[in-house]
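Residues per chain, in single letters:
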Amino acid sequence: MPLRANLSLLDNIALIPQYRHNLDYETTSAQAWNLLLLTGQESAALKRDPQLSHAERCVAKLLRAAIERPPIILIDRPALLLPDTHYPPFLSDLLERLADHLNDCWILDYRWNEPLYPPHLLSPAPR
Amino acid sequence: MPAIINFLTRRGAALLATWRIWRATFGLAGKVVVAALSPAVYNSATRTVVMKQIYFTAVQILVPFTLFAALLSFVLIQIVVGTAAEYGLSDYALEMSVRLLVLEVLPLVTALFVALRSGSAINTEVALMRINNELEALEDSGVDTLRLEFMPRVIGGMLSVLSLTAITSVLALVLAYLAVYGAQPWSLPDFARVMGKVFDGAILTGILLKSLAFGLAVTVIPVAEGLATPKMLFMAPISVLRGMVRLFFVLMFIEVASLAFKYI
Amino acid sequence: MERAPVPPAPPVPRAPLIKNLEFKIGLLLTLTVLLGAAFIAYTLYARGAFQVSHKLILTAEDVEGVSVGMPISFSGFPIGKVSRLHLMEDGKVRIELAIPKEDARWLRKSSVFTLEKALVGGAKIKAHTTNLQDPPLEDGEARPLITGDATKDIPVLIAKVKSILENVDAMTTAGAPINQTLGHVETVTGRMAGDYGLLQGVMGSPEKAQKVVQALDKANTLLTSLNGVSLKVDGVLAKTDSRLFGQDGVMDQAQGAIRNVNALLGDVRESLKKADTILANAQTASADVTKITGNVAEATTDMARLRLEIDDSMRKVNHLINEINKKWPFAREVEIKTP
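Taken in sequence, the protein lines are chains A, B and C.
For the first sequence, our numbering gives the first residue as 617, with consecutive numbering after it.
For the second sequence, our numbering gives the first residue as 17, with consecutive numbering after it.
For the third sequence, our numbering gives the first residue as 4, with consecutive numbering after it.
So that you can see chain A by itself, here it is in the shape it has in the complex (with noise of 0.2 Å):
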């Protein structure tokens, strides 16, 4: 899902604790900075979303989905999010890197790309 076009991608991903936990700004965009940091793309934080590449607003949408430690995170079909990445590695790096503030993470995808990921990344019903 799009992300705010005139908030940067860390007030974007900072937004939604700030938002659901009545917490101030400082303690939510120091929160969203970490995770940003884990995944290398700490320069972006401050682009807004059509500055964006398409690695990093995929990075910032699951950040946006993954700050709130959600028990399960869906990924709908990579290949739209990062049409210009080979992403099967990229993808597995950034879960990889963001491990510890992941609960579950499924990826959807259509059934001839299965071979692309590794088992415990597939939902138990990929189409």
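Source of the hints: derived by calculation from the structure; they are not laboratory data.
Quick caveat: nothing in here was measured; it's all calculated off a predicted structure.
Think of the CB as a built atom: it goes at the ideal place given N, C-alpha and C, for glycine as much as any other residue.
A hint or two may mislead.
Residues on chain A that point at chain B, a partial pick, calculated with CB under 10 Å [claimed, not checked]:
(1) 618
(2) 630
(3) 636
(4) 637
(5) 638
(6) 639
(7) 640
(8) 644
(9) 665
(10) 677
(11) 680
(12) 681
(13) 684
Here are a few chain A residues that sit away from chain B, every Cβ distance over 12 Å (derived from the structure) [stated by the list, open to error]:
(14) 658
(15) 708
(16) 719
The hints should help you fit chains B and C onto chain A, whose structure is shown.
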């Protein structure tokens, strides 16, 4: 015959659409007011949005707008005072200029200015947010868009209109004093007498309510219109256009209604 | 997998969008609240909420044009205002005035309060205090409010003035009775100035006067011829003498007539003088009228005087016309419209 049916169908559809958008506007206004009055919805995120809205709506334009309002007030006061003196009604010049400026012209000009500047911006932003599915994204992340995006904008807009109106009105009062009595402090009791005559409880409440209504209209209508935009990029300008036209008529309607209420 | 190494305290980047956002917003909102509160406090002050004021109650029949907040003025200065208006049981109106304590000293027991309505602008309540040494008005004391409505009298006044001006006009147009009168007077005096003087004036034309003179001449001739007659007829002459010059003689009667004419002319002269003064009065009256129309707001005091003057002039004019009618039997068609 089919042409007539076709025509009627289209008219009816247009009427229904108008009806829907008005109903959406009032529904939104109601929801926003209810949300604004319940303290539970204020949190650090919404406060930030309120502050940003006030910053963009009021603080950024404060100095140029105040200067413009001072110029407008000055010219109007001179006209009123000059005309009153010509007809031998100088006693009423101060009261007339205060009534004209503080009660009518300045709130309306402020509302129009904010409508042009922030109303159109809000309308565009909301329309684009809707077209880009940003709103759904936020909702999916557990964020209530009404509370995070719309209510703060409305509150910010209302506070901004109030602030600008208050500042320009006080400035106009000072200018009126200078224009009528000149730069000397001995006419303050006389000024106080006229002020006491013009501003009773009902009038003060009236100005406050009118400014709040202006602030509400200036923000709620663009938001409602933006939300009603079909999800096609080329509809964004049309949405802004419609929103601005409706906003103009609503502002004028509020003004006329307040005049009618006061003087009829 | 191990946690990625945390870089040595990289500061959280802050969006450099707005500097001192909170401060500016706080400043603006505080300013607004302060302005609003100060303004409300100021209007409360202006409406006299913090003033220790005396209450003064005025009762009036009709308070059209009076409104709450209306000032009461003393010598043209506002010294208080109407705080409350309401109808009493007897149908009169009770006006409560709030007079600030420091201004209450202008109002004394002997003060008179008037409600004046001008043509343009609202009504005015005025206080008049003639003697500032009188004891001061107590708090909450009641006084009647005297209403004087300049606008009410104006139509009547205008009507009167108009009829007077019409009369003056009628008197001064060519062919007006008074002109005819003056013409006649002129003719009479002209004749008097003629060859035969008074006689001509009385007889109407030189011929007739001449006849009288001729008659007198004949009498003279007769007298001389009679003188020429013998002394025998002395007795007859003596008789003739007594006929001519004695009590109730012809000449005696003529003299009486002339005396009458003199008295009448005196009257005429007097009347003309009166007419002069009246014309002058009318002139002042019309001057007053222009003053009124030019300066209606202050006219209320002039109105009464002017009306008296005009009434007076009216009476004089009527009187004069009547007198002239009595004295001069012509021009019966003279009409004076009494307003």
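Hint-by-hint comparison with the structure:
1. 618: With Cβ-Cβ at 5 Å, under 10 Å, it holds.
2. 630: Interface hint status for residue 630(A): holds (9 Å vs cutoff 10 Å).
3. 636: 5 Å, holds
4. 637: 8 Å, holds
5. 638: 4 Å, holds
6. 639: 6 Å, holds
7. 640: Because about 5 Å separates residue 640(A) from the closest Cβ in chain B, which is inside the 10 Å limit, the hint holds.
8. 644: 8 Å, holds
9. 665: 9 Å, holds
10. 677: 9 Å, holds
11. 680: Residue 680(A) check passes; min Cβ-Cβ to chain B is 6 Å, inside 10 Å.
12. 681: Status holds, d = 7 Å.
13. 684: 7 Å, holds
14. 658: 21 Å, holds
15. 708: Non-interface label stands for residue 708(A): nearest chain B Cβ at 24 Å, farther than 12 Å.
16. 719: Residue 719(A) is indeed farther than 12 Å from all Cβ atoms of chain B, at 16 Å.
Hint check: no violations occur; every hint is consistent with the structure.
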